[in-house]
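A.B. asks: The primary structure of each chain is shown beneath.
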Amino acid sequence: MKPEEVYQPEIQEVDDSMSAIHDTVNSEYKYGFVSDLEADEAPKGLDESTVRFISAKKNEPGWMLEWRLKAFRQWQKMEEPHWANLHYPKINYQDIIYYSAPKQKVNPKSLDEIDPELRRTFEKLGISLDEQKRLSGVAVDAVIDSVSIATTFKEQLAEKGIIFCSISEAIQNHPDLVREYLSSVVPVTDNYFAALNSAVFSDGSFVYIPKGVRCPMELSTYFRINAENTGQFERTLIIADEGAYVSYLEGCTAPMRDENQLHAAVVELVALDNAEIKYSTVQNWYPGDKEGNGGIYNFVTKRGICRGYKSKISWTQVETGSAITWKYPSVILKGDHSIGEFYSVAVTNNYQQADTGTKMQHLGKNTRSRIVSKGISAGFSQNSYRGLVHVGKNANGARNFSQCDSLLLGDKCGAHTFPYIEVKNNTAVVEHEATTSKIGEDQIFYCNQRGIDTETAVALIINGFAKEVMNQLPMEFAVEAQKLLAISLEGSVG
Amino acid sequence: MLSIKNLQARIEEKQILKGINLDIKAGEVHAIMGPNGSGKSTLASVLAGRPEYEVTDGSVEFLGKDLLELSPEERAGEGIFLAFQYPVEIPGLTTTNFIKTAVNEVRKYRGQEPYDAVQFLKLMREKMAMVEINQSLLSRSLNEGFSGGEKKRNEIFQMAMLEPKLAILDETDSGLDIDAIRIVANGVNKLRSKDNAVLVVTHYQRLLDYIVPDFVHVLYNGRIVKSGTKELALELEERGYDFIKNEVGQEA
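So the protein lines, in turn, are chains A and B. At position 365 of the first sequence the residue is numbered 365 (the numbering used here), and the sequence of numbers has no breaks. Throughout, the numbering used here is defined as the position within the second sequence, counted from one, plus 494.
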């Protein structure tokens, strides 16, 4: 994720990124460094006082604290879900720090006042907070541990009436919008991790695109976990008003540590009449080492609602990181003629486990959804697709097409597909296709015989396999994502 | 150019090559013929370095280097090209992309600068005309959904692009009708020069009507049992492989 570089636009030109793949395949996880930042932290553990502490740190209004406390009380009554095809030791929720903010000497009023060490951290990650240096027209909200550090291009966006800021700022400055839409898509009690997030979320991004406005640049949030023993709980809320359009990107990394760290985010998208939201993720949390030690536990609830006529929400995800991934970006197709899409590439290597997929809930008439899931498993990893297509009884003319392909590298990994289909309307058309294949010795030898070494051959084959999804990514992300796939599968064949 | 001495190889526990001796000089075309199961394709695979085969004895020298010490991609870099009997499919990877990667990897091995998009396109146009292949095929995923003839023509196109020193054609005629054979053979003939050599592995004589060999060798039961000129191929066509079997049987 280096948006300040100018990438060549041809996504198909995989070979031009090959030399870069060569440079990086032999490198370990390259974002594993730790920055020396003095932090302002909550005491370890979670009780009501932790929730009050976070709310007070954020100087939140009373309604927000009440909302959090309600969530916390609900969470206490809930149990961690274990239906997913994931196996991990019990999480001790009292052994986590729920709030950690890098101390800044001054409260920065402008981008120039940001602590140089923080600025350097993001420079090292390839994220420039300097607007002048940015060529590709991507506005960034930079979040480290529990707080948003900076948001670029705010003023230019504000001229069009677009709000792009941290959710903490939105709670202060746009309380009406936050109160109207927060938890309107993912209710506080939706699931265990969503309830936990609602109680303790500390920051995240907020986007509002007004009626009829097409957002002129890509918006993105870059999430970084830095501090030890902390969990990251971010909350993102994106609203596209009638006829609006926005493309939003999310990236993330974390240091290499032997302990597992918890990341439990909630993302809510709301698209009104004729509005479109395109949400892309390149997930590169630290996956743990080759023996399966450490890595991020990634329990994320992402859901969008197409509330109006012809609304459209499209999720694209490239999942390469995390020790555990539990994530099902979903779309509620409420408005008539609304469209939901889910494009996913999930890569697991070594001892990584991923249980990911989507839910498409067809409620409105003539709603359409499309699911394209590409799972790549290597090493000793387990990769599951879990998807639900639900067609409600009033959803006349609903259509779904699902395609779930799995690619195996080696014979010690697993690929699983759990498609669930519930149709309550007999005019619906639901199609599901699934394939499982292995990278063949024949394919590798064929490439070798043409002078292509095995690592490059694997990169060509997996990028070919994942192409349909990669083509959905905004240009700035696509080339980077291709490199990431190759790096994640380093040493898994040959 | 190529000197094979007492080459023996097996797959799993089965000994297939039992002592091959063969010398190929620059500018020559050699044909290896033989009945099914005689070891023709194994010889082609062993020369290219297919990992399933284990060389148990003998040596292969190629342009002064010990070929058996080199990995398959190094052999390609040195100038060995194998046109596959069954070219593989790679979904989602365009043929053009694949060939561009291959050409530039080979150039890198030889210490040459990679071709940029303009240079590559120019080379591609030139070679496309030479082997009568069209652009639409090259924009599609590698070999996916190609007909038998298209796959083989694509092999010859790759050969033209990579400009090998030694091209090995493994049953390139199998499954092709006569028109396709003619197109493929024309491509090969245009690529012949005094600096490179071709080893044609085939079951039937008919390909040799179009690619005329300097030498013909008959492989039987893992050994070259008879060598001659192109007349030997015609004799085989006329009398079938049984006469070879009988001859060898009598000697034994």
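Treat each hint with caution, since some may be false.
[Claimed, not checked] In silico lysine-lysine, DSS-like type, Cα no more than 30 Å apart, as pairs:
#1 A:LYS90 to A:LYS412
#2 A:LYS483 to B:LYS616
#3 A:LYS359 to A:LYS334
#4 B:LYS512 to B:LYS559
#5 B:LYS559 to A:LYS438
#6 A:LYS359 to A:LYS483
#7 B:LYS659 to B:LYS559
#8 A:LYS365 to A:LYS424
#9 B:LYS508 to B:LYS688
#10 A:LYS160 to A:LYS211
#11 B:LYS602 to A:LYS412
#12 B:LYS512 to A:LYS483
I should point out that these hints are in silico values taken from the structure, not numbers from a laboratory.
A.B. asks: Next, verify each hint and record whether it holds.
C.D. replies: Hint by hint, here is what the structure shows:
1. The suggested pairing of LYS90 of chain A with LYS412 of chain A holds, with an alpha-carbon distance near 25 Å, which does not exceed 30 Å.
2. Between LYS483 of chain A and LYS616 of chain B the alpha-carbon distance is near 28 Å, which keeps this suggested pair within the 30 Å criterion.
3. For the hint linking LYS359 of chain A to LYS334 of chain A, the alpha-carbon distance of about 13 Å falls within 30 Å, and the restraint holds.
4. At roughly 22 Å between alpha-carbon atoms, LYS512 of chain B and LYS559 of chain B fall within 30 Å of each other, so this suggested pair holds.
5. Taken as a hint, the LYS559 of chain B and LYS438 of chain A pair is broken in the structure, with Cα atoms around 35 Å apart against an allowance of 30 Å.
6. At roughly 29 Å between alpha-carbon atoms, LYS359 of chain A and LYS483 of chain A fall within 30 Å of each other, so this suggested pair holds.
7. Distance check on the hinted pair: LYS659 of chain B and LYS559 of chain B sit about 14 Å apart at the alpha-carbon level, within 30 Å; holds.
8. Only pairs whose Cα atoms come within 30 Å are accepted, and LYS365 of chain A paired with LYS424 of chain A is accepted, the gap being roughly 13 Å.
9. About 38 Å separates the Cα atoms of LYS508 of chain B and LYS688 of chain B, which puts this hinted pair outside 30 Å; it is violated.
10. With a CA separation close to 10 Å, the supplied pair LYS160 of chain A and LYS211 of chain A stays within the 30 Å bound.
11. Our distance criterion of 30 Å between C-alpha atoms is broken by LYS602 of chain B and LYS412 of chain A, whose separation comes to about 34 Å.
12. Distance check on the hinted pair: LYS512 of chain B and LYS483 of chain A sit about 45 Å apart at the alpha-carbon level, beyond 30 Å; violated.
Hints 5, 9, 11 and 12, counting from the list given before, are not met by this structure.
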